[in-house]
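Asks: As given, the protein sequences belong to chains A and B, one line each in that order. Residue numbers are given in this note's numbering: position 169 of the first sequence equals residue 169, and the series is strictly consecutive. Residue numbers are given in this note's numbering: position 58 of the second sequence equals residue 58, and the series is strictly consecutive.
None of these hints come from the bench; they were simulated from the model. Any given hint could be a false lead.
Which copy is meant is left open, because identical chains are indistinguishable; a pair holds if it fits in one copy or across any two.
Unchecked claim - Below, computed lysine to aspartate or glutamate pairings styled on EDC-like, alpha-carbon distance capped at 20 Å:
{"hint": "1", "residue 1": "LYS95", "residue 2": "GLU186"}
{"hint": "2", "residue 1": "LYS47", "residue 2": "GLU195"}
{"hint": "3", "residue 1": "LYS187", "residue 2": "ASP98"}
2 protein chains.
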Amino acid sequence: MQKFLVIGMGPGAPEWTLPAAIEAAASAEVLLGSEKLINAHAGNECKKMLVPLSGSIEHFLDKLETHRQNYKCAVLVTGDPGYYSLLSAVRRRFKPADFIVIPGITAFQLACARLGLSWQNYRLTSAHGKSLESMLARLSPEDGAVILTDRNHNPHTIGKYLTDSNWSNRNGWICENIGKEEEDIEKIELFNIPENKEYRLCLMILQPASAE
Amino acid sequence: MQKFLVIGMGPGAPEWTLPAAIEAAASAEVLLGSEKLINAHAGNECKKMLVPLSGSIEHFLDKLETHRQNYKCAVLVTGDPGYYSLLSAVRRRFKPADFIVIPGITAFQLACARLGLSWQNYRLTSAHGKSLESMLARLSPEDGAVILTDRNHNPHTIGKYLTDSNWSNRNGWICENIGKEEEDIEKIELFNIPENKEYRLCLMILQPASAE
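Looking at chain A on its own, in the form it has when it is part of the complex:
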């Protein structure tokens, strides 16, 4: 059985996708992933089988397991497969020898580039689908932070939690739809993050305390 591919397609527009990723996707007979991504890389000849992500991740991996018996499969993901993406779930189901990973630019790398920020000393974490307490454990009040948010733990909620956890005020940015047409970067202060706005596909960047 040939190896399947897990390919990072980057944060949005084609200019942020690696040639290695384009080539790998083109080589596959079956593309699996979000409908938008697999349609974008289906090619003109319609020879590829397209398997959209629907239902649970485990159900999706079942389909991958079936198709890889007979076809060269590629799972397309946004960003980098190794950064809050599908690779953890793939690793739980398959052996490393079963697949090949192609890395990609993650949204926060592009956001930091837009802002001219070096991210090497920033703490990277996510509030998506986990407690704010466990998020906080990965941060340090002195260092900068890159935080993936979700509907429950949105920038306002996270800002309030950090303020209540005795973080000092600092500047930061709320970055939405990075790499996409609707990209929006809003400057904020930790103590004053708008409450009522609905944020989508959103990451929050906070400067180190010393940058104040």
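Given the coordinates of chain A, assemble chain B onto it according to the supplied hints.
Replies: Below, chain B without anything else, positioned relative to chain A:
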């Protein structure tokens, strides 16, 4: 005066360089950076001025400051400008409004992809040109680690330091020349990193303690 560019060219072979980076480099009149990088992107028509990196960083930035008065300049760097690269020095000299950053894949992203590793929970640090003590402060014995090494703080030295700091044994990899023809990934154990080998352009990845 037009903005200059700071462009991440990725870890080596062209397949790991973003189309946005290629396009940005092509748009510049002056390319500044390592001789190898600027020659690779000089184009065929030899119309670009090439300014190789020589001497100190400050001297290099002086040249950038001069050329940007009259020309569209691009500084080419390997990896991602925001990750242990030139961007910190650029930020100290210039205002964010003076330049545009194009992100790139860093070597550790490609190394983790090769190994099929999710790096989201790994601590990222560097032992390059700083004390092992300050490197240790960025790590946690339970978490995985990605460590950039140098000649003085090579994998053996770092392994010994972590062992002496009561880290438990764990598996890891020494990754050399990632993304280049001479790429080499060697599996190691923290307690048993070869002493005499000379490592070049090297990063070390250590699994979390719980992966044992």
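Asks: If a hint holds in the structure, say so; if it doesn't, say that too.
Replies: Tested hints:
For the homomeric pair LYS95 and GLU186, the shortest alpha-carbon distance between copies (19 Å) is at most 20 Å, but the shortest distance inside one copy (42 Å) is not. For the homomeric pair LYS47 and GLU195, neither the shortest alpha-carbon distance inside one copy (48 Å) nor that between copies (53 Å) is at most 20 Å. For the homomeric pair LYS187 and ASP98, the shortest alpha-carbon distance between copies (19 Å) is at most 20 Å, but the shortest distance inside one copy (44 Å) is not.
Violated hints amount to a single one, hint 2; each of the other numbered hints is respected by the structure.
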